[in-house]
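Given chain A, work out where chain B should sit, using these hints.
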Amino acid sequence: MTTTVNFNLNGREVTVPAGITILEAARLHGVKIPTLCHHPDQRVKANCRVCVVEVEGQKNLAASCATTVAAGMKVKTNSPRIRETVQTILELIFANHPQECLTCIRNGNCELRRLAADYGMLEVKGEMVTDALPLDTSTPSLVRNPNKCIKCGRCAEVCHHVQETGVLYSHFRSVDVQVAPEYGKYLSDVACVLCGQCAAVCPVGAIHEKDDIASVWAALDDPGKHVVVQVAPAVRVSIAEEFGQPPGTIATGRLVSALRKLGFDRVFDTDFTADLTIMEEGHELLHRLKTGGALPLMTSCSPGWVKYIEHNYPELLPHVSTCKSPQQMFGALAKSYYSQKSGIDPADIFVVSIMPCTAKKFESQRPEMNASGHQDVDAVLTTRELGRILKQAGVDFATLEDDAFDDPLGISTGAAAIFGVTGGVMEAALRTVYEVVTGQELADVEFTAVRGLEGIKEATVDLAGTSVKVAVAHGLGNARRIMDLLRAGQADYTFIEIMCCPGGCIGGGGQPYGTTNAVRRQRIEAAYRVDAGLAIRKSHHNPAIAKLYEEFLRHPLSETSHHLLHTRYKNRSLYKLKG
Amino acid sequence: MSTPHDSANSVFRLGLFRDFPTLMHYRDFGGYQALANALSGSPEAVIGEIGAAGLRGRGGAAFPTAAKLQMVRDNPPGVRYVICNADEGEPGTFKDRFIMTHIPFQLLEGMAIAAYAVGAAQGFIYIRHEYPEAQETMRRAIAAARAAGLLGADILGSGFSFDIEIFSGAGSYLCGEETALLSSIEGKKGRPRLKPPYPTQCGLWGKPTLINNVETLANIPPIVDRGSAWYRALGTADSHGTKLISLSGDVVRRGLYEVPFGTTFREIIYDYGGGLKQGRLKAVNIGGASGVVVPPWELDCPLEYDACGQRGITIGSGAVFVMDDSRSVLENVRNRIDFFLHESCGKCTPCREGLRQAGRIIHKTLAGEAVLADIDNLERYTRTMQNAAFCGLGQAAGNSLISSLKYFRDDYEAMCRDQNQAAPKEATA
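From first to last, the protein sequence lines are chains A and B.
Take 1 as the starting number for the first sequence in UniProt numbering and just add one per residue.
Take 1 as the starting number for the second sequence in UniProt numbering and just add one per residue.
Don't read these hints as lab results, they were simulated from the structure.
Every value quoted in this text rests on a predicted model; they were computed, and no experiment measured them.
By construction, the Cβ of each residue, glycine as well, lies at the ideal position given by its N, Cα and C atoms.
Please note that a few of the clues may not be correct.
Covered by chain A, per the in silico footprint, the following chain B stretches (three or more residues, Cβ under 8 Å) [said to hold, decoys possible]:
#: 1; region: 218-225
#: 2; region: 334-346
#: 3; region: 388-398
Pulled out of the complex, with its shape left as it was, chain A reads as follows (with noise of 0.2 Å):
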């Protein structure tokens, strides 16, 4: 077999690995070929028809993201008909499409805007044709707009073949056609889990996340308000891509500085809860396992995840961890612990968290989670939003100095620090339930048999003679996966962890646009390189943590770690009905 081929592109021989696509190979040769349809990680859709090249020897243009090169091959990808065919279907596009960019939430950053100054497009000599279908606001987490959707089909792709949601489908024919949820139905309706996927997904502004800016300046300029903010592990390797530096760039110490610029009273860390849910979820795993609880036991950090067992199999229910997620926590310990320490009513503190996920935004509003009697978290905001915010304050992120994150909820471990990435809250539970299972210290505290981008992995980890079988999964298609086995009776695991997004939350669908397994790459070796430069390293080992246990929670799993800390989940129907 060979592995190269020679064709000739633009006039000039080149040599490229053998099966690739036209669109790829030009890549590789400096030539840029635009594409709305074509996603680095999807499968190839072809609908868009803005790659299209000629072929020699082919009547029609070829479109370059379907068209494997052989050898031999001679394409142009710039030609007068190719020029006039692409503009051509920009103008189509664009005949369709409501020229709201000023006013669009993707203004600056949607990808048919950039070829439309690419092309020099000057004017839709088409008649305008827009529709004036209604918004989907029905949810906390997403807009949906159907009336600036391309049809690209990019959010069903990764609704239907990543996430396995399958809540958008492509309806109807010819210029009927709508990339929407079964029946016209609204978001809130069907068993959306608001992971996001599609937005972060979208080439324009078809849909996004909900903007919760506006009620987080509303707090900040409010004096009778004091306004803390947590910032979630993964934020912080990927915030800097917002202000145009590569991804992976670690900028926890500027994100501090930015926070505190724009006011906020306190700047603290969800890594802080991030320890406490090892805590508590470790000792429920330990609890479990001396009790006969339910096994395995599986972690409850995302909600996009929680949000989908409840829907598809509410009846593993039992085998959710009760703990909340790490921003949870730390709203409920906001209004209660922080409350006390600084003498501040409840009432007055104001939680915002910064979250690389839309999912959170649902979750936050889940009518259950108020354990000290107000809503543990008032806002969210994306990393997206967050780039947005900075920008209306004037933050120049990039010329900031380092910051420290406030005590007492911004002490954290490297444990912590790796909760962003998929594998990451398994490797911090085992850090700390080895060490309290066995009593001896952890050697070698990187369990990388559970790192990197693999769907589903596995590893056995020897806990004082105990063999414990744990699994991890990313992307809600792989959950799927390890639920039919655990609902066939097949999965002989200890303790699973099931993250909603692909790669985890440092691949959350509130991260900044561009997210590819690429990226998602760079920022997973920046956060365990954050891990790895920080002094504490396991969880249990945190000094505020300690410190929190012995002043308010006595102990973990304690009655007000219970009453705070802990949560219920609920069977949701996959449909539902209106009467």
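For chain B alone, kept in the frame of chain A given last:
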């Protein structure tokens, strides 16, 4: 159906076109001798004979049939299928329905021979939902063939087994596109798939699949029975055999005609169709909805793949629609664009949005509201559809437009406001 030439030179079993066709009648006329011949020889011999006959697909694409059979045959051993594409949906085309309702056994025999050639044990006939009588006739014919040992296990005691099921389409023109048809049988949306892989390698449920039009498959028995030399003698040096022509419009004798390749379109209209009923010939639409509109002076072109190809004429499924000078070419084109806009699956941008914009401009033109620049845009949108649409439907949807702009541009321009003193006045506020 009537033909000026004798039945000895006919591919189709004449004399059977009355009442309900029976297997006995078909066999009286030599039916099923071809299958017996085929089964007594090798599959390679069958493919060789069809190849020697030069049979090309009659659904519109004109792909060499033997090459397609060979591609399916060349796959590693395993399950494979034969599908008869009877989703005839071109407006003005009715040849497949005729074959199914009048000579169903010729189709079944052709499918069985094709199945033997490629090594398939299962076949499907994808019949459009709007053809209930054809579905019924085919069902009865399948039952009769099965009862006579001409379908099912161990056909004619040869050890070869092959059976056929009817699949009713769900009513979309696009399902005639072979990959959309596969998706439709598989229970998915009738939308085209990426090629490659081609159905000959990865077709129904991922298995190698032969998909041929009704007329193509019905051509196989006479070729196997009477030989490729006889078949080749029927046509021209370039195009062999005969073609079924669905003749409609303003002619005296509308109907289905079997004509040998090489016959000119003028002969089809005047000799077979008896000329125009009244008025003068304005234009002829050849090849159905996705075909072209040509003026009278192009009619001396023979019905032949090369000759037509050189003139940009698409034989397509063999529809010929005659327009006298009382008709408007623009209205005819508008109807076809409206048809395609309705039938587009909406998957790709050029087809979905290009047809929408083209339709807008034609309607505007007919309303006297277009300007010359609109016609240029119409041409550009159509070129884009032809150049860049995902599947054959979208690529061909603009054929009538491009050809009408080539031959009848004056008709468009005459309707434009800036060419017409009597243009409607702007409404004043």
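Hints and how they fare:
Coverage of the region 218-225 of chain B by chain A is violated in this model, with 0 residues showing a Cβ closer than 8 Å to a Cβ of that chain against a need of three. By the rule of at least three residues with a Cβ nearer than 8 Å to a Cβ of chain A, the coverage given for the region 334-346 of chain B holds, with 6 such residues. A count of 4 residues in the region 388-398 of chain B with a Cβ less than 8 Å from any Cβ of chain A is obtained; the coverage claim is therefore met, three being the minimum.
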